[in-house]
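**Student:** Put chains B and C on the given structure of chain A with help from the hints.
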Amino acid sequence: MTPPSFTSGELADRFGLELRGDASLDIEGVATLARAEPGQLAFLANSRYRGQLGDSRASLVVMRAEDADAAPGAVLIAKDPYTAFAKMAALFERRQAREPGIHPNAVIDPTARIAPGAHVGPFVTVGARSVIGEGSVLGPGCIIGEDCVVGDGCELIARVTLVTRVRLGQRVLVHPGAVIGADGFGLAMDSGHWIKVPQLGGVVIGDDCEIGANTTIDRGALDDTVLEEDVRLDNQIQIGHNVRIGAHTAMAGCSAAAGSARIGRYCLIGGAAGVLGHLEICDRVVVTAMSLVTSSITEPGEYSSGTPLTDNRTWRKNAARFKQLDALARRVLAADKETR
Amino acid sequence: MTPPSFTSGELADRFGLELRGDASLDIEGVATLARAEPGQLAFLANSRYRGQLGDSRASLVVMRAEDADAAPGAVLIAKDPYTAFAKMAALFERRQAREPGIHPNAVIDPTARIAPGAHVGPFVTVGARSVIGEGSVLGPGCIIGEDCVVGDGCELIARVTLVTRVRLGQRVLVHPGAVIGADGFGLAMDSGHWIKVPQLGGVVIGDDCEIGANTTIDRGALDDTVLEEDVRLDNQIQIGHNVRIGAHTAMAGCSAAAGSARIGRYCLIGGAAGVLGHLEICDRVVVTAMSLVTSSITEPGEYSSGTPLTDNRTWRKNAARFKQLDALARRVLAADKETR
Amino acid sequence: MTPPSFTSGELADRFGLELRGDASLDIEGVATLARAEPGQLAFLANSRYRGQLGDSRASLVVMRAEDADAAPGAVLIAKDPYTAFAKMAALFERRQAREPGIHPNAVIDPTARIAPGAHVGPFVTVGARSVIGEGSVLGPGCIIGEDCVVGDGCELIARVTLVTRVRLGQRVLVHPGAVIGADGFGLAMDSGHWIKVPQLGGVVIGDDCEIGANTTIDRGALDDTVLEEDVRLDNQIQIGHNVRIGAHTAMAGCSAAAGSARIGRYCLIGGAAGVLGHLEICDRVVVTAMSLVTSSITEPGEYSSGTPLTDNRTWRKNAARFKQLDALARRVLAADKETR
Chain A
0 MTPPSFTSGE LADRFGLELR GDASLDIEGV ATLARAEPGQ LAFLANSRYR GQLGDSRASL
60 VVMRAEDADA APGAVLIAKD PYTAFAKMAA LFERRQAREP GIHPNAVIDP TARIAPGAHV
120 GPFVTVGARS VIGEGSVLGP GCIIGEDCVV GDGCELIARV TLVTRVRLGQ RVLVHPGAVI
180 GADGFGLAMD SGHWIKVPQL GGVVIGDDCE IGANTTIDRG ALDDTVLEED VRLDNQIQIG
240 HNVRIGAHTA MAGCSAAAGS ARIGRYCLIG GAAGVLGHLE ICDRVVVTAM SLVTSSITEP
300 GEYSSGTPLT DNRTWRKNAA RFKQLDALAR RVLAADKETR
Chain B
0 MTPPSFTSGE LADRFGLELR GDASLDIEGV ATLARAEPGQ LAFLANSRYR GQLGDSRASL
60 VVMRAEDADA APGAVLIAKD PYTAFAKMAA LFERRQAREP GIHPNAVIDP TARIAPGAHV
120 GPFVTVGARS VIGEGSVLGP GCIIGEDCVV GDGCELIARV TLVTRVRLGQ RVLVHPGAVI
180 GADGFGLAMD SGHWIKVPQL GGVVIGDDCE IGANTTIDRG ALDDTVLEED VRLDNQIQIG
240 HNVRIGAHTA MAGCSAAAGS ARIGRYCLIG GAAGVLGHLE ICDRVVVTAM SLVTSSITEP
300 GEYSSGTPLT DNRTWRKNAA RFKQLDALAR RVLAADKETR
Chain C
0 MTPPSFTSGE LADRFGLELR GDASLDIEGV ATLARAEPGQ LAFLANSRYR GQLGDSRASL
60 VVMRAEDADA APGAVLIAKD PYTAFAKMAA LFERRQAREP GIHPNAVIDP TARIAPGAHV
120 GPFVTVGARS VIGEGSVLGP GCIIGEDCVV GDGCELIARV TLVTRVRLGQ RVLVHPGAVI
180 GADGFGLAMD SGHWIKVPQL GGVVIGDDCE IGANTTIDRG ALDDTVLEED VRLDNQIQIG
240 HNVRIGAHTA MAGCSAAAGS ARIGRYCLIG GAAGVLGHLE ICDRVVVTAM SLVTSSITEP
300 GEYSSGTPLT DNRTWRKNAA RFKQLDALAR RVLAADKETR
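Chains as they are written, first to last, in numbering that gives the first Met the number 0: chain A, 0 to 339; chain B, 0 to 339; chain C, 0 to 339.
Bear in mind the hints are in silico, worked out from the structure with no lab data behind them.
Heads up, the list lumps identical chains together, so a pair's fine if it works in one copy or across two of them.
Derived EDC-like pairs: lysine to aspartate or glutamate, alpha-carbon spacing no greater than 20 Å straight-line:
hint, residue 1, residue 2
1, 336, 325
2, 195, 227
3, 322, 310
4, 78, 189
Source: prediction; values computed, not measured.
Looking at chain A on its own, in the form it has when it is part of the complex (with noise of 0.2 Å):
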């Protein structure tokens, strides 16, 4: 397999950027700056780091106009370089050829419909009235439910169980060890004992959504629970039933939405980061990481909760102060009424 290779010249014709510089560099693969050997595209989009532009031995750097003059050698100019760098990568990426076709070990219902340019790899079961998409993949391991549909143009990387009920969009991109559609933690209790509540909803993920390995998206308890497209999953987390995420909304690992959460369009939850059941969170609204979301936001804006990390001594003492808290307030307020 020949690695790719472009002319600096190509690449900025290719993604519309200006070069400044020989249009005749094989760039056959991409790097950091730190690391980047001749023959490689690296970025710069944080002017911090123009001091390394000195050092780098990068043939061809991609960033801002403003950064340009103190690059020694061949730029491409870009407003938003981060995201240009993205895309010219991507040609660099080797992704495994997965040839359409269903492995002869794959257990199909006969009532399941694979499309013939879909790609089902050994190990895989599908099971009834499920449909997969034009050009999708199945990788080792995967278990399709009954009732589930995999849109066109989905990779199912390894060992995603989509369970029941699940449909997804386009271009939806899913992570080893996910999985969509198991039953939502519905209990109520009947003279001492639980019972479950029928987990009758199911899944719906838009076009273009990510979802991380190791991630769980629960299954609606009546209505579906669902994410609109482009929504991007990292690894780890939790979907209770009945959420709704909005579109272009991204999650970091290990964060978690409870039951009938909704959360806005465009918004950043970090990691590690929690919000209770039945809230609702406006769009553009950026929670940062471990912060617990208490009640609705209707504002858009960053939100925290949470101390600030101490040495465990200062951290000790600080903490017992916590507890005497509003002791200590209604003294301060005490005195101040006093003294006026």
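**Tutor:** Here is chains B and C on its own, set in the frame of chain A:
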């Protein structure tokens, strides 16, 4: 497959509920008040939502007697409408038929014993000396290691791993991706290098437990890790070795109990909450979401830690002061003394 | 299978420990002091539990010299009794025999190389150009993608996924459900829509590492994600792309390190603790459970964040005051000034 259908009168009789209204209404499904169509049953569990009754198209609604006046149509009266609804909804659940028998590609150790009425799906392995009980289901991709027991009427939906020495009681439900009986995290430092402490115990799961998707329960180091009957674990939960969880306790998604923790009966552990190792929590304790239990709890009640969410700017100011909290408290107390 | 048996004298000789008491006792297993039966070895690592010695039925107990007077029976003397016990306990571990050879249903790419002494279980796939080392075990359901290397003497218990470009050193132990080498979470915003930043790096895992059940380790964007030798990760951990973890560091369950974080050697990261991206933590740092590391740590020691658990009523009052903390502090400081 004809969908199930019951008259309003049949439902009242079957569940011992008082019916107010027409006994001959055909009920073919369940839904929320807001989304119900004619022919569907809905519920009103919280009087706050009484206002929705007028707009609902549900043919039949289950609710408490005190809310019934507000209902324009047929009503079932229940002391606990949510529990009653859960039971009725189960009638309408379309569950996958899993015929008894062993899939031809399953790999069963000759010393394993599979009950004749059990279902063993494709791509399943069952290890030496393991036993699968009557009416139990091992969905696709399940891996049952050595010396495991799956009781009668269990359902391992798909891709569940019982590593070794795991004993499930009766009617245990396990969701995809769960790993039960992996090595506990036992390490000892030996001349600057970790050595592994062998994990010789097992896991015992009581009757009627439910284990969520991608949840992990480690086996004990010497004694067993134990879940008593009717324990309900949501997704993405981590249970360390030698933990013991009392009957009827429920833990929400992403929560965790570290090694040798003991949690009582009828506890509710909130999402992403944690319990440190070797602690004891008595019966009927509620721990709110993302709280960390750092010492034993001996009184029933609700417990919390953490700080409230605010906009990030406000949070930064307050969080900075947290670092000075002990110093501030000292000043307040000193000033207080002076003025006395 | 006869269970292994050793005399007390043989154990003393084998591990270089001083024996006080009868050298001919038959030891056939290990247990806790509280549960041991005659014929079993127990340990006393913490002098606090000396009181249990009198009641224990253990035939032999390993402990420090200073505790030995309190022991009624035979004793092995060790400087570090827990480590000594761990080593002896390993003798009694009944481990599954995994014969060399490739299960007939495994799907191996013709360009993959499997050492003759390796064990490849049922429902395993090994992708193009991947190499499996001598004496290594791929348990049932493991998926090895393209361009992976599994060193000698590794054990992938079951259902482990190495996605692509993952290199394991020697004697690496990986528990079920772990996903190593999935795409890092790299996104760039392009005209209101996310585009994916290709993840072209790999993952390098050093010798003697252990990776817990359902843990995820993403591959690097450009360079590799790296775990140095003897790193120990518990279950449900998330390691972002391009993280580097120093040798002998241990991370407890549900903890996480975000992209490009660097954690030093001999660190201990507590359960559910988090490390933000691009930070650096020096060697020998302890982070307590559920703490969030929000800036680099340059001094060894123990670090914490969070607030203590209290009953919910008290917590609510104190938490409400946290929102006023800056204002309160200002009042205190102002009052202080006035009185000076």
